[in-house]
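Colleague: If you want the building blocks of each chain, they are given just below.
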Amino acid sequence: MIEKVTQHLSQNEPLLFERSSPGKKAYQLPELDVPAVDAAEALGAENVRREIEGFPEVSEVEAIRHFTRLSTWNYAIDYGMYPLGSCTMKYNPRINEQVARTEGLAWAHPYQPEALSQGCMEIMWSLEQALAEICGMDAVTLQPAAGAHGELTGILLIRALLEKRGNPRKKILIPDSAHGTNPATAAIAGYAVENIKSSETGGVDLATLEQLVTDDVAALMVTNPNTLGVFENNIARVAEILHRKGAMLYMDGANMNALVGIARPGDFGVDVMHLNLHKTFSTPHGGGGPGAGPVAVKKVLEPFLPTPRLKRSGKKLAFDYKRKHSIGRVKAFYGNFGVLVRALAYALAHGGPGLKNATMDAVLNAIYIRKALEPYFDLPYTSPSMHEVVFSDDRQAKLGVRTGEIAKRLIDYGFHPYTVSFPMIVHGALMIEPTETESKDEIDVFINAMISIAKEIETDPQMVKGAPYNTRTSKVDEVTAARKPVLRWKP
Amino acid sequence: MRYLPKSESERREMLEACGVSTPEELFAHLPDAVRLNRPLDLAPGISEYEIVQYFRERADQNANGYASFLGAGVYNHYRPVLVDTVVSRGEFLTSYTPYQAEIAQGTLTTIFEFQTMICQLTGMDVANASMYDGSTAVPEAAMMAVRATGKGRVLVAKTVHPEYREVLGTYAKHQGMPVEEFGYVRESGALDLEDLERKMDDLTGAVIIQTPNFFGIVEQVKAAAEIAHKRGALLVVIFTEAVSLGLLEPPTDADIVAGELQSFAISPSYGGPYAGIIAVKEKYIRQVPGRLVGQSLDSRGNRAFCLTLSTREQHIRREKATSNICTNQALIALMATVFMTVYGKQGLRELAEQNLAKAHYLAGKLKPRFTGKFFNEFVVRAEGKTPEELNKQLLKKKIIGGLPLGRFYPELADSYLVCATEMTKRADMDALVAAAAAQPTAENVEVTA
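Protein chains in written order, with the working numbering: chain A, 1 to 491; chain B, 1001 to 1449.
Don't read these hints as lab results, they were simulated from the structure. For each residue, glycine too, the CB sits at the ideal point set by N, CA and C. A hint or two may mislead.
Said to hold, decoys possible - DSS-like, lysine-lysine: derived pairs with alpha carbons at most 25 Å apart: (1) B:Lys1173 to A:Lys298; (2) B:Lys1151 to B:Lys1320; (3) B:Lys1365 to B:Lys1283; (4) A:Lys197 to B:Lys1173; (5) B:Lys1397 to A:Lys322; (6) B:Lys1283 to A:Lys490; (7) B:Lys1397 to A:Lys316; (8) A:Lys316 to B:Lys1392; (9) A:Lys164 to B:Lys1392; (10) A:Lys484 to B:Lys1373; (11) B:Lys1397 to A:Lys170; (12) A:Lys316 to B:Lys1230; (13) B:Lys1173 to A:Lys322; (14) B:Lys1158 to A:Lys324; (15) B:Lys1281 to A:Lys299; (16) A:Lys171 to A:Lys298; (17) A:Lys315 to B:Lys1385; (18) B:Lys1199 to A:Lys311; (19) A:Lys316 to B:Lys1173; (20) B:Lys1173 to A:Lys171; (21) A:Lys484 to B:Lys1281.
Claimed, not checked - Over the 12 Å line for every Cβ pair with chain B, so calculated as not near, a few chain A residues: (22) Pro183; (23) Asp394; (24) Ala454.
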């Protein structure tokens, strides 16, 4: 039975350009308090455009209705659970949005004098300190704009250190369960990628690692807990094997929501890691960004961190630009400051003990779902779960229904799908991460939906394969979209 | 805690279902050595009211109530109320990347509109769903040009934003992508076409220029394009002041346009988050980094949008992807989309005209150092004092002066970059002019160590 949703009317809305008609306005500028200037004269007639061809012209009322109508075509956390694995779609506290808009913060110009930016710098300083404590690391840069950007920063740091030691080396090792950004990052940092096959339990296989770690290996990039939601119990050994050969351990912090307050990467041998503030620290995904990807490092990597570095002398904070070993800048200015404000607000709200409670609830929710769904879906890896659980569609595939189709059916039940077909080491993966901000009620409704779909597959697999039925947009033809790309509106 | 929606009895019930009696037992399988056996050294949680207070106090430590003449890549433009109204809707704010097209048409449709408007503004055929910001869009554009031409060398104008060039340098270092700079004409402040021509060779895959450039000067895109194309390189045109495109001829001679949309209703926010763009000519469509939204039909035959051409991207191609980028700036791009909608065809032009008028009013009183045509910012040589001394004086009048250029251009240490937008008041401009003209006195040149 579908508990969570009932169909209701949804407004139609054309594209802005189809709404548009000449002369309509949604703006009014103040009267100029200086003389007008002839553009052709000031800029040169050849530099002045005639018009912005095709640009919209709509009224204010039409503009607000346009975007409001479109907004209702989205699913969102504010509607309910997003069981996406390794994406940590948790509640986005509204206070974070409000404080990020505090006038003295939102309107701070990155080049205003440091003496008049102490508030911004204090926020960054406090966040750096908090993240270093949470990760068990010695120093943090807040400059990277997102997770993959943090990865790139981290790998460049490793490269810089190894270069200084005389040899940057050639390869980065990456488990086959890793997120796609890991190998893409290694390539951009100028490294060859060597994949490591996961062990039978889904972890890093120590014997294989021993073999692969040669003098050519710069680092291993590992996600912990890995993308099966399983903690690498051998992680300290992994670090040891790498360190013995002069290689470094990089940790992708995408799954840090399982560890905050429980275990610290710095304590189990990680040399450098990134965090996704838009995951663990509750900043909104906003339909795909913005994010922020701070990088935390051990002392040995600190000299290489991007310029500028925040530095404190007494009460005063300043940016240090004179750092001769730095990898340089990875982004203009100092980072996605507005996202950093939100993350700090989140950390302040929870506080130390609260952050640990959040982790415990996140893990409890995942294990609760695992227990409830184990009778209905195959669990290829049975190691204890942390914050997420990965099933396979083996049982359902025998009846002709694959994970992607189950996911689409879940939409009819009022939920966003879980992560489909990832990690790749699980055939037909259903990857589920509830996060701590789901209530027992919401989780029970989700579990019931999954069980109901499992039963539907037994009685009417064809019906399930045709889902979703209840959305305003049905299955989209993605093949044609890619074959004959239409990427902009044309009259 | 208010973000944890469970009562104690529910939590107990769930623990019981998991076969444990305390949450700690859920972690019993972790080796002791990896456990943090003490509480995090962070203060206990605080209330919403205290959080508001904390950030208000921080904001009070910053500049408040100052007029500012800073631009240099981050501009002070009015943010229409509709922008925050729209982006505060939970359906946009709290939604995920639109991989599930059936329940993400809101985001997908707005991105499609965004891509369209960026094409209309820049004169390009294809625009992506946004990049982190303008600075990171530059190396992405350079890498793209290098891929498309098979030639590794990059030539970048010194008049491109200095921090953007630094970012390019960081990315380029390890990719066999040597980056060299070419100069500007000392009189006009525009890029030096002769220097570009001299430094061009057949190994160069990308020529990168910015217009209006870092000094505010409108560059000769066509002439630069001819030099680049003659030797088989692509021309990459950068912009940092998107409002200029309301008036300026779009850079249609470019092969790739990369820019920053901060001017489109994105708060300065001490440097981010902003939104970058990459827009290209049709033939480079499969070389574009980042997410793209395309139009298609759903199974009922209705128009529908979806993420497309993802075989370029890291989650499919892994180490062979066009970029490692995953996140785009969807919500920030939405701010820009609402901004472009509110101003529209007429408004963006009028807005640009107001910027032009303000800056030229100021330029009428402060002599620009360079002779090149400029939009809303320009370089001034400080008379009788250093730019730093002038700024110190201005701060006493609650004015943040222009950006002293010495930190980026030692040869311009006597000069500063000033910006005037539609938000700049005539009275403040007059105050700046008066201070700039004032003879140095013992009081106003007092310099602290």
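Colleague: Could you work out which earlier hints the structure fails to respect and list their numbers in ascending sequence?
Modeller: 3, 4, 5, 9, 10, 11, 12, 15, 17, 18, 19, 22
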